[in-house]
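These are the residues of each chain, in order.
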Amino acid sequence: MLRLPEFNYIRAKSLKQAGRLLADLGPEAMAVAGGTDVYPKMKRGQFTPRHLVSLRFLSELRGIRPGTKDGMWIGAGETLTAVSQNPAVNKLFPALAHAAGSVSTPQLRNVGTIGGNVFVDTRCNYYDQTFFWRQAAGFCMKKDGDICLVAPKSKMCLAVFSSDTAPVLVSLGAVATFSGPNGLRRVLFDECYRDDGINFLTKQSNEVLQGISIPRPAFGQRNVYLKLRRRGSFDFPVLGVAAAMQFNPKGVCLSSKIVLTAVASAPVVVDEAAHLLEGKTVTRDAIEAAAEAAAKVSHPVDNADLDYWYRKRMTKVYVKRALAELAGIQLELEKGAVKPRQI
Amino acid sequence: MRKKAFSVIGKPLRKVDAMAKCTGDTRYADDIELPRMLYAKLLRSPYPHARIRSIHTERAAQLEGVSAVITGKDLPEKFGIMPSTQDEEALAVEKVRYVGDPVAAVAASSEALAEQALTLIDVDYEILKPVLSIEEALASKEESERIHSWNRRANIQKAVSFEFGDVVVGFARADEIFEDTFFFQGNTHLPMEQYCAMAQYGPQDKLTLWSSTQTPHYLHRALSKVLGLPMSRIRVIATPVGGGFGGKSDPFSHEICVAKLAMITGRPVKITLTREESFYVHRGRHPVKMWVKTGVKKDGTLQAMHFRSFLDGGGYSSYGLATVYYTGALQTVTYKLPAYKFEGVRLFTNKPPCGPKRGHGTPQPRFALEVQLDKIAEKLGIDPIDLRLKQLVDPNSITVNGLRISTTGLRECIEKVAARADWKKKFHQLPYGRGIGFAASSYISGAGLPIYRNEMPHSGVQIRLDRGGGITVFCGSIDIGQGSDSILAYAVAEEFGIDPADIRVVTADTDLTPVDLGSYSSRVTVMTGNAAIQACGKLKEILLPVAGEALELPVDDLEMAEGQLRSRSYPKRAISFAECVEKAEGKFGTLGATGSYSPPKHPANFKGSGVGPTPSYSYTTSIVELSCDPETADIKLHKIWIAHDCGRAFNPLLVEGQVEGSVYMALGEVLMEEQVFRKSGLHKYPSILEYKSPTTLETPPIETILVETDDPEGPFGAKEAGQGPLLPVIPAVANALYDAIGVRIDEIPITPDKILRALEGRLKSVSVPWFDFPPPIKWQPGDGVGVQQKS
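Here the protein sequences come in this chain order: A and B.
Position 31, counted from 1, in the first sequence is what our numbering calls 31; the numbers after and before it change by one each time, with no gaps.
Plus 343 on top of the position in the second sequence (first one is 1) and you've got our numbering.
If you are wondering where the hints come from, they were derived from the structure by calculation, not from laboratory data.
Mixed in with the good hints there might be a few duds.
Stated by the list, open to error - List of simulated lysine-lysine pairs, BS3-like, C-alpha gap at most 30 Å:
| hint | chain 1 | residue 1 | chain 2 | residue 2 |
| --- | --- | --- | --- | --- |
| 1 | B | 1107 | B | 1097 |
| 2 | B | 722 | A | 316 |
| 3 | A | 155 | B | 1022 |
| 4 | B | 722 | B | 472 |
| 5 | A | 153 | B | 472 |
| 6 | A | 296 | B | 1027 |
| 7 | A | 316 | B | 1107 |
| 8 | A | 41 | B | 1022 |
| 9 | A | 296 | B | 1097 |
| 10 | B | 1097 | A | 312 |
| 11 | B | 640 | A | 153 |
| 12 | B | 979 | A | 296 |
| 13 | B | 1027 | A | 312 |
| 14 | A | 43 | A | 203 |
| 15 | B | 1107 | A | 312 |
| 16 | A | 143 | A | 41 |
| 17 | A | 143 | B | 472 |
| 18 | A | 43 | B | 1022 |
| 19 | A | 43 | B | 1027 |
| 20 | B | 640 | B | 759 |
Bound-form chain A, shown alone (with noise of 0.2 Å):
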């Protein structure tokens, strides 16, 4: 079997101390939580840490609590499946119920964190490999090798952003807060990411996410993920929608969000679906100017599950269908379905 290769491990007490000895440990150490990604990474010598600072048992990341004045807190270190199964998370914000409760299997949901997931690395079918085949394959960028071998010719690291839970933050405007040396530093995870398989990440290496916060505005919004990938049973997402949308009593949409995962190295926010949907009556042939919009700027490369041209052509599929449910809009068949002569 593949071995865990040798690693020290290191509880922390508190937060600060966490961030402390990330600080002191430098780029040779690495934050665990529920270790689902981390460790088989290791495995696989995609990540070569000496040290672990293990978050696991801090009490700070814990709790979710619906009621604060800055909206929902969720404590980062809370489990996948705390917050899938929680009774508010559900009511409010069926969305990241269900992408917390369509990440992985049910074990690791158990143990894999909110946290880790929406920081979770972004994956390719070129990095996610053992070090043999990475050997076999000549290495890429973004772990012990100089080029992209989905791409040869790009500069950048094409990896996909890979996180069901933080399509849906983005789209209910949630804000991170990180623990770091200078204290607390909250930031809208809008902000979170950039486009860069390798750097994809804006925090610094020795914040660490406390807990996120789900503003009170978002509270009213209708909101949706819906996630594409081959089994039903584990897979993670190569394509996801998250929307949220906000409408006032006579049906006229107030706010629209759409935000997709997986397309690309970071979340990707549709910014045209707002200016098409707000401020109307939401209606099949604005839902369609939406999706188009969204197919637009959805760019799947060859380096995840299923065909990408397949992938992209579902962005259209997929951000219709997403606003449709929000909508409360039956969405009919294509037209033209004919069935094979009968006999």
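Fit chain B to the known structure of chain A by using the hints.
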């Protein structure tokens, strides 16, 4: 005389090893720990095709904790499962032929250390151009492109050609001729248990090898050949196999290497391959391109068929010689076919070797055949089930290619599955997006010939009776989860009229058990069952007269039931089995008997006629109902009905388990599984996460219908159940998809991108290459002898 009522057969009893499996008591190969044991690792080639200029192992050997390092020079003797194509080396000697081909092995005090030692081995490779497709293999001309040197034409392992009946006349008689091309992508077995073997050498210069293998006997022979030890000095113990599906049927490099390392170090050596390595070892489903030309009358009756198959074999022969024949052998055993021509060729490519996977070489042609019949039925305006029903093969008949059919439950399977699925009401009647599809198939109940030519039995069973009535059954068969240990217990329990729980079964240990050829070709129930019945018969000849004497009754009046030997007419006059055994031992001495089984001789004897014959053919039909979302091409399976002629269900629970497992595996093959490679020859995703295989959550409800035909060749009438039920599900899904949305996908797997392309009219048909096949061997039913090949 066949018994009318059974006491054990047909009952849904618990498997004899069920509790151990459920509680974790079962000791798999990797659970074995021995004092002073070492751990082995294999260094594998990162190149698909390269010549080895040199290997330097000195640095690895000097690493503290490393006990031995070996290379191809230490094991130069070639081996392979088929006697005529022995082209494998335990460690590559001159060349590597796929990414993952082993070149060196290390034994060290820990797995981590062995792994570290691998990084200290320096191999100098001269990189050669890899050959990665059927077309490239056919086009190979340069000597440097040649993967093996033993075969006559570069990269063509085997080309075969047959003509049965008069194909020219057959096509001339046809009103309509259909030509189609198909492709079936390769896929792998993916058993939960990875490969694992442990070897121990000594004392008394004897080698013991524990391995997760389906074929301990063939492994025994290969070890002897490569290690240069007589078979009498080697003991092979097949440990409980955590899933095989054909993938553990070859002798393997890792097994030979741990044996050699144990001999060198004098310490036990264990190797457990990683999941990634298991993908490189492979031996899975061959990618096959097929061309089928079929001539039919207006009423749909088949007049002639011409079938061509091109097999992408990978880097070594493995079972490939048999596989190429199997892609042509069983087209004839379901529907009457008066004339049939088959041409097949297996190519070498620089990829992990393909071999036998559940259905061995027959799911690919069965897919082509059943989809083409669906097309024919549509064109002729005949219900596809009616088209088949009018031309089913007859029982007790011989097919055009010389295969002897004993019983067939195909008609009953078709009628039952159609009734349960409400076929007539649904076919063509469901709304757009929802469809129903049908297919039928047949499979062998054990290969008619052994892998190596010999006159000995295919299966042997030894039974020992102990004082107190204990029964121990010894047999070389290996339980790979299918329940073969239970089958032995049930057969003996039925014969002796006792509870199977009172029987001890000892299997798959070459020191203790008589040879059984192994768990492949769906042979075990039929062959070990018959051997066990024969052994029981010999013991009954001893026990019944003893009981008759004790009870003062004629032997004719005695029966064995409920742990007793008793009078049929006065059941109260009885003697317990245990008491009878003790009396018999007092009279005759120690009690034991052996039984053995060889399949019946098959009617045809032309060259190549050895692949296809079997004691009996199982039959299966399947109906699939599914929905396909025309926008996303997402397929939702609603239900699968499957009827299987198993001859007789020894244990309906186990048969249903095999049927359901086959359905599940078929669904993986038809919808998602692909063993595919990058342009560099590297496996695209050798991991259980990215190699997509369905889970139980993706498996729809399955309704299994068992059909019993009481086959005269089978023990208590039984046929196979382990492989056949996979076959019809794949074409039934393809046919159901067509009924749902009106597009044909003639390529397996049927993925959503292919469906969308087809809906847009952009899916290209499968291209099939040209090849100059050898002139056919001709044979006619009734000849009984082979007609010589024309020039």
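Evaluated hints:
no. : hint            : result
1   : B/1107 x B/1097 : holds, 9 Å
2   : B/722 x A/316   : violated, 37 Å
3   : A/155 x B/1022  : holds, 22 Å
4   : B/722 x B/472   : violated, 46 Å
5   : A/153 x B/472   : holds, 24 Å
6   : A/296 x B/1027  : holds, 29 Å
7   : A/316 x B/1107  : holds, 25 Å
8   : A/41 x B/1022   : holds, 25 Å
9   : A/296 x B/1097  : holds, 22 Å
10  : B/1097 x A/312  : holds, 14 Å
11  : B/640 x A/153   : violated, 58 Å
12  : B/979 x A/296   : holds, 29 Å
13  : B/1027 x A/312  : holds, 21 Å
14  : A/43 x A/203    : holds, 26 Å
15  : B/1107 x A/312  : holds, 21 Å
16  : A/143 x A/41    : holds, 11 Å
17  : A/143 x B/472   : holds, 28 Å
18  : A/43 x B/1022   : holds, 26 Å
19  : A/43 x B/1027   : holds, 19 Å
20  : B/640 x B/759   : holds, 27 Å
Violated hints, listed in ascending order, are 2, 4 and 11; each of the other numbered hints is respected by the structure.
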